[in-house]
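Chemist: Listed below are the residues making up each chain.
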Amino acid sequence: MSTRSASRRQSNIGNYMDYSLLFIVIFLLGFGLVMVYSTSSYEANLHFNGDSAWYLKKQLGATILGVVVMMIVANIPYHFWERFAILGYIVSVVLILLIIPFGHEANGAKRWLRIAGISLQPAEVAKLGMILFLASMICTMGKKIRTRKGFYTVLAVPVPIALMLWRITSNMSSAIIVMGIAALMLFVACPDYKRFIILGLAGAAAVALIVFAIVKMSESNMEGMGFRFERVLAWLDPEAYASGKGFQTLQGLYAIGSGGILGKGLGASMQKLGFIPEAQNDMIFSIICEELGLFGAIAVILMFIMLIWRFMIVANNAPDLFGALLVVGALGHIAIQVILNIAVVTNTIPNTGISLPFISYGGTSVVFLLIEIGLVLSVAKGIRLKDL
Amino acid sequence: MKEVDYTHKTYHRNKTVVVMFLCLAMFLGLIGRLVYLMVFQSEYYTQKAKELHERERNIKAARGRIIDANGEILADNKTVCTISVIHNQIEDAERVIGILSKELDLSEEYVRKRVEKYSSIEKIKSNVDKSVGDTVRAYELAGVKVDEDYKRYYPYESLASKVLGFTGGDNQGIIGLEVIYEEYLQGSAGTILTVTDAKGVEVPEAGEERIEPVNGNDLYISMDMNIQSYATQLAIQTMETKQADSVSIIVMNPQNGELMAMVNVPEFDLNNPYTLPQTTDETVLSEEEKQELLNAMWRNGCINDTYEPGSTFKMVTASAALEGGVVTVNDNFSCPGYVMVGDRRIRCHKIAGHGAENFVEATMNSCNPVFVTVGLRLGVDNYYKYFKQFGLLDKTGIDLPGEAGTIMHKKENIGQVELATISFGQSFQITPIQLAVTAASIVNGGRRVTPHFGVRIVSADGNDSKSFAYKIKDNVLSKETSETMRYILEQVVENGGGKKAYIEGYRIGGKTATSQTLPRGSGKYIASFLGFSPADDPEVLALCIINNPQGVYYGGQIAAPVVKQLFENILPYLDKIDYNKLKN
Numbered sequence: 001m002s003t004r005s006a007s008r009r010q011s012n013i014g015n016y017m018d019y020s021l022l023f024i025v026i027f028l029l030g031f032g033l034v035m036v037y038s039t040s041s042y043e044a045n046l047h048f049n050g051d052s053a054w055y056l057k058k059q060l061g062a063t064i065l066g067v068v069v070m071m072i073v074a075n076i077p078y079h080f081w082e083r084f085a086i087l088g089y090i091v092s093v094v095l096i097l098l099i100i101p102f103g104h105e106a107n108g109a110k111r112w113l114r115i116a117g118i119s120l121q122p123a124e125v126a127k128l129g130m131i132l133f134l135a136s137m138i139c140t141m142g143k144k145i146r147t148r149k150g151f152y153t154v155l156a157v158p159v160p161i162a163l164m165l166w167r168i169t170s171n172m173s174s175a176i177i178v179m180g181i182a183a184l185m186l187f188v189a190c191p192d193y194k195r196f197i198i199l200g201l202a203g204a205a206a207v208a209l210i211v212f213a214i215v216k217m218s219e220s221n222m223e224g225m226g227f228r229f230e231r232v233l234a235w236l237d238p239e240a241y242a243s244g245k246g247f248q249t250l251q252g253l254y255a256i257g258s259g260g261i262l263g264k265g266l267g268a269s270m271q272k273l274g275f276i277p278e279a280q281n282d283m284i285f286s287i288i289c290e291e292l293g294l295f296g297a298i299a300v301i302l303m304f305i306m307l308i309w310r311f312m313i314v315a316n317n318a319p320d321l322f323g324a325l326l327v328v329g330a331l332g333h334i335a336i337q338v339i340l341n342i343a344v345v346t347n348t349i350p351n352t353g354i355s356l357p358f359i360s361y362g363g364t365s366v367v368f369l370l371i372e373i374g375l376v377l378s379v380a381k382g383i384r385l386k387d388l
Numbered sequence: 001m002k003e004v005d006y007t008h009k010t011y012h013r014n015k016t017v018v019v020m021f022l023c024l025a026m027f028l029g030l031i032g033r034l035v036y037l038m039v040f041q042s043e044y045y046t047q048k049a050k051e052l053h054e055r056e057r058n059i060k061a062a063r064g065r066i067i068d069a070n071g072e073i074l075a076d077n078k079t080v081c082t083i084s085v086i087h088n089q090i091e092d093a094e095r096v097i098g099i100l101s102k103e104l105d106l107s108e109e110y111v112r113k114r115v116e117k118y119s120s121i122e123k124i125k126s127n128v129d130k131s132v133g134d135t136v137r138a139y140e141l142a143g144v145k146v147d148e149d150y151k152r153y154y155p156y157e158s159l160a161s162k163v164l165g166f167t168g169g170d171n172q173g174i175i176g177l178e179v180i181y182e183e184y185l186q187g188s189a190g191t192i193l194t195v196t197d198a199k200g201v202e203v204p205e206a207g208e209e210r211i212e213p214v215n216g217n218d219l220y221i222s223m224d225m226n227i228q229s230y231a232t233q234l235a236i237q238t239m240e241t242k243q244a245d246s247v248s249i250i251v252m253n254p255q256n257g258e259l260m261a262m263v264n265v266p267e268f269d270l271n272n273p274y275t276l277p278q279t280t281d282e283t284v285l286s287e288e289e290k291q292e293l294l295n296a297m298w299r300n301g302c303i304n305d306t307y308e309p310g311s312t313f314k315m316v317t318a319s320a321a322l323e324g325g326v327v328t329v330n331d332n333f334s335c336p337g338y339v340m341v342g343d344r345r346i347r348c349h350k351i352a353g354h355g356a357e358n359f360v361e362a363t364m365n366s367c368n369p370v371f372v373t374v375g376l377r378l379g380v381d382n383y384y385k386y387f388k389q390f391g392l393l394d395k396t397g398i399d400l401p402g403e404a405g406t407i408m409h410k411k412e413n414i415g416q417v418e419l420a421t422i423s424f425g426q427s428f429q430i431t432p433i434q435l436a437v438t439a440a441s442i443v444n445g446g447r448r449v450t451p452h453f454g455v456r457i458v459s460a461d462g463n464d465s466k467s468f469a470y471k472i473k474d475n476v477l478s479k480e481t482s483e484t485m486r487y488i489l490e491q492v493v494e495n496g497g498g499k500k501a502y503i504e505g506y507r508i509g510g511k512t513a514t515s516q517t518l519p520r521g522s523g524k525y526i527a528s529f530l531g532f533s534p535a536d537d538p539e540v541l542a543l544c545i546i547n548n549p550q551g552v553y554y555g556g557q558i559a560a561p562v563v564k565q566l567f568e569n570i571l572p573y574l575d576k577i578d579y580n581k582l583k584n
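Sequence order for the protein chains is D and C. Mapping to my numbering: the first sequence position 16 is 16, numbers consecutive. Mapping to my numbering: the second sequence position 127 is 127, numbers consecutive.
The hints are simulated quantities; they were obtained by calculation from the structure and are not laboratory data. Just so you know, even glycine gets a beta-carbon here, dropped at the ideal spot from N, CA and C. Just to be clear, a hint being listed does not mean it is correct.
Derived CB-CB ranges, DEER-like [unchecked claim]:
1) D/Ala-268 with C/Asp-134: 38 to 48 Å
2) C/Gln-172 with D/Lys-58: 53 to 63 Å
3) D/Leu-155 with C/Lys-9: 31 to 41 Å
4) D/Ile-26 with C/Ala-25: 26 to 36 Å
5) D/Leu-302 with C/Gln-41: 18 to 28 Å
6) D/Glu-219 with C/Thr-79: 38 to 48 Å
7) D/Glu-105 with C/Glu-43: 51 to 61 Å
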């Protein structure tokens, strides 16, 4: 089995291009650019001497770069990257560590590295690196993954990266995503369900307990406690923290709620006029809701569901486990990020900075997401048409 | 790499499907959340967002005017300007400083300080005449704002100051009719709603929503400016010649309670209500003392203060005695100059006594012993009953603020001596307006009217109007007794103590009074006269009260002539008005 004929695989490469997936991605990118312009033009106009397209231009540049890289990656057989798996992990660690001396601060957090005038977010590199590393590692482990030791080894691999992301870049959401990607890949790779159900229930119970404890502590008004967990308290009652931690959430809710069913119309958002700071970033979905209404919001979610569905098709028809795991990793990455982002803007979960894939403003994010799409397309190319 | 297990097993596929469906479930949950927020909570958040985005600017409503019986405007609005500077918009600061200090008559340093102050908007001067505001506006200076505003303006300055009242900084009524009719006069302010971004910069595309202000209703009052000004002149003249503390004159229509004039001199300038008379040395006053003096200056003596009415009250005793059947006009009395009540000896003002007299003559003479006698004949129960029936225990219900109540003995505390003193108008206190209204009901056939100024309100556009209705209490006195009283009181003016109010060719009734102010023995008196005309069917009733006159202090000597002069002038005038009304 391990010596599956290379010629057979080879013969199919280049035969199949997943145009559905490609179309969805291009649609999302185009839509994202429109929304970035819509959300940022007012502030850009104020800050960059009337250059209302400042953010759009930067995002367009990153998108074009991303698409080019994606097409290149899509045309390279994905096994090519397997040899860089360990290197990827090491590079991720190094880049994150480099933030300590060279980090560039923006919006009160050190998350960016500036190299030759291009800023880069190591967290994005780490996510891609983790997908590649885990896919390779799980394949190497083979059946050992079914053992307890194998299970916990896979679970332990992303922990250092996640911890570093959390502590060094104070970017908890990226840490959660890295852990989430790993958990999903592990879930697909293991035949077992029981462990995951227990793990899931334990996690849910822990979260419930923590929230309960925080609420109790704030009620008994213990000094300092209220402040430390304000983010959770603001989540439970944003209006009580309207000028503090609940500000962004509340402004987002105003945008979403005032959008109504049909929205105010593209470009007609009021909340983007400085009420939601940097509306083109993490809170962009709330402006989509405000301008395009419930219909627009559901349409965007449907596009992501279709994207994930295409990922599933590609993963399940991948020529081998490595390819499938790469796709599952990308699927996990995008799905977790979309779900968390929408959950944050709708105040379903406590506020944490998380961007909406393909739509939020952010160059590194879009380039690395497109690299992942390139990988998925590359895996899709390996699909023998008769399998579909 | 040989060990690498690349097998892609079925369970991998199944689990990928599970992941897919897990994601789908979460997406559906989020869609549910969105539906909740964007459909069911939409109204709430839309409202919240609107409040956040809209900025409200008030547009003042013009306050309703106060207009007299002849259509003269007694309280009006003047357009004034507020001139301010917006620091960021000023282009030529020196020119702005130069022009503003010149046009507004302000020192250059004062203007410079404000122009150079870094603030969003700085007020330079308010209550600037419109003409000056227009001049400033014509310069078209960048950064200088001229806002128009309304200011209350009283064309006749101090005329009827204590009746009309004035308004405060927010154009709200402070005293007088301005307070009582506040709800009609004030109107409702309009608003301009503009949409702004987070920094408060207006968003031009969003346009503005304008709610027009509704100007206040005009108030038409029964006061006649001509009568009021003439009565004021008389009052001032009397106050000066008699060196009195104050003089009050009430002129009312006894048939319906409409007040034609209410004078309380000294009056004050309604356009400068916070300026004390020039004789006061304000430098030595504390804020509280100054406020007390202001309150005293604003006080309407006709309704806010009570006094012992004295002999004018004998008409009440007479009415009660006649109504109660304890006396008739022809009953004969003898006045020895005093009367014994218990062990008290109550003196008549004529020490020698009036001798033999009938009841009409006793009233003409204002004979205390006779009135004590008939008062005692009535007894406490009956006297108190009529006192109450005439409405003397209640407030008159005049449409002015702060009416004082009657200060009267409790019924159980009234003994013979008290009853005796009440009978000639002492030992209790009522307001002048109370006396005028009670007298009106005695001479108008027994109908107690509600004294008032407010006649009707008319909306600013003139389309809506509303007339006020006032309570009239019928049969406080029988028509017959009322007719008798008119006869007796006419006799008082024709041949009795009120003859200084007699005018040839007119039928006038009335009663004089001279009361000592409390505490007794202070040597201070209040001289008063209450007159009405025509005596057989009164159309006008006037009460003149002179507070602490020097020299002669008898009501018949000094107050009756004032009412006479007033009637001489206003009776022909009132006839003329009626003539015109008939013609129209």
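Chemist: Evaluate each hint against the coordinates.
Modeler: Tested hints:
| no. | hint | result |
| --- | --- | --- |
| 1 | D/Ala-268 with C/Asp-134: 38 to 48 Å | 40 Å, holds |
| 2 | C/Gln-172 with D/Lys-58: 53 to 63 Å | 57 Å, holds |
| 3 | D/Leu-155 with C/Lys-9: 31 to 41 Å | 21 Å, violated |
| 4 | D/Ile-26 with C/Ala-25: 26 to 36 Å | 27 Å, holds |
| 5 | D/Leu-302 with C/Gln-41: 18 to 28 Å | 22 Å, holds |
| 6 | D/Glu-219 with C/Thr-79: 38 to 48 Å | 58 Å, violated |
| 7 | D/Glu-105 with C/Glu-43: 51 to 61 Å | 41 Å, violated |
Comparing the model with each numbered hint stated earlier shows that hints 3, 6, 7 do not hold.
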